[in-house]
Amino acid sequence: MLKIAFPEFDNPIIREAISTHDQLRRANQPLQHLSASWTEIKAIPAPDLATACQMVQDGTADTMIAGLEHSTRDVILACRDHFQMATDPETKQPYKTFSGLVVMRRDSELYLLSDMAACKHPTADQLREIVEQTHTSAQKLLPDRPRIAMLSFSTIGSGGKDTTIDIIQETLTSFAERDIFIAGEMQLDAAVNPRIGLDKSHPENTNPKADQVAGKANVLIAPDLNSGNLIYKVFEQLAGFTVAGPILQGFDHVISDLSRDSTVADVIWTIEVLAKLIK
Numbered sequence: 059m060l061k062i063a064f065p066e067f068d069n070p071i072i073r074e075a076i077s078t079h080d081q082l083r084r085a086n087q088p089l090q091h092l093s094a095s096w097t098e099i100k101a102i103p104a105p106d107l108a109t110a111c112q113m114v115q116d117g118t119a120d121t122m123i124a125g126l127e128h129s130t131r132d133v134i135l136a137c138r139d140h141f142q143m144a145t146d147p148e149t150k151q152p153y154k155t156f157s158g159l160v161v162m163r164r165d166s167e168l169y170l171l172s173d174m175a176a177c178k179h180p181t182a183d184q185l186r187e188i189v190e191q192t193h194t195s196a197q198k199l200l201p202d203r204p205r206i207a208m209l210s211f212s213t214i215g216s217g218g219k220d221t222t223i224d225i226i227q228e229t230l231t232s233f234a235e236r237d238i239f240i241a242g243e244m245q246l247d248a249a250v251n252p253r254i255g256l257d258k259s260h261p262e263n264t265n266p267k268a269d270q271v272a273g274k275a276n277v278l279i280a281p282d283l284n285s286g287n288l289i290y291k292v293f294e295q296l297a298g299f300t301v302a303g304p305i306l307q308g309f310d311h312v313i314s315d316l317s318r319d320s321t322v323a324d325v326i327w328t329i330e331v332l333a334k335l336i337k
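Residue numbering for the sequence shown follows the numbering used here, beginning at 59 and increasing consecutively.
Treat the hints with care, since some could be wrong.
[What the hints assert, rightly or not] In silico BS3-like cross-links for lysine-lysine, where the CA-CA straight-line distance does not exceed 27 Å:
| # | residue 1 | residue 2 |
| --- | --- | --- |
| 1 | K100 | K154 |
| 2 | K334 | K219 |
| 3 | K100 | K198 |
| 4 | K178 | K150 |
Rather than coming from a laboratory, the hints here were simulated on the basis of the structure.
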């Protein structure tokens, strides 16, 4: 059973999501994308963000879902006050950066996107940590191997010289010797459309991993907060994707900071994503 602290427990969207989630679980309807069955949850009301975080810290709750009535800034500050940073699996040191992840689904399509909530203008070191955090999450969430595209206005050098491209290329050097499918810089269409990916990544491509990512990406890394926030809201508002999160990554506890416009379906999907991440 997943114990969730809800500081916005009386919000009608939260109430309906908890009730509908329970009905779907009891009906044993198939759950696509993550597992074959629904997670049993215990919804715990909390009077405020600080109390909800304390519940997570002391083990009364496994996680917290907030954000419908609280700003992202307030949720992040509450997490910073109560949680430590998680350990970077590569450096074995605490992360210095935290990030936001969304898990976006539409029918059989499933994409992870980061960072779209926290780091405004990431340096190469910060972007490396964002990729590390997101890859760790992706290994728990995706049915297939993570294929990570570093998004840009340019694909494999087509945009010429730019500081944002330099940061992406510096970040990629950190993963060059690791068994991770990651490539860039890459435009969104080249990342997710097989025909365009094949066309745009050749013949300039000098990264052999690009063949495994171009047109096949299921993990998208935004170059900055502007891009990440805009991308996920386009997926949600115009393309009809159901969105879990944002999920805050980098802390030693997994927390969800919902968008103000999250729907009942988004909250239900967020519950199941959190369950998978916490296992």
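Here is how each hint holds up against the structure:
1. Note on K100 and K154: the hinted pairing is violated, with a Cα-Cα distance of about 32 Å set against a maximum of 27 Å.
2. Using a Cα cut-off of 27 Å, the hinted pair K334 and K219 is violated, with the two alpha carbons roughly 40 Å apart.
3. Taking the CA atoms of K100 and K198, the gap is about 22 Å. The hint holds against a cut of 27 Å.
4. Using a Cα cut-off of 27 Å, the hinted pair K178 and K150 holds, with the two alpha carbons roughly 25 Å apart.
In terms of the numbered hints stated before, the structure departs from hints 1 and 2, listed from lowest to highest.
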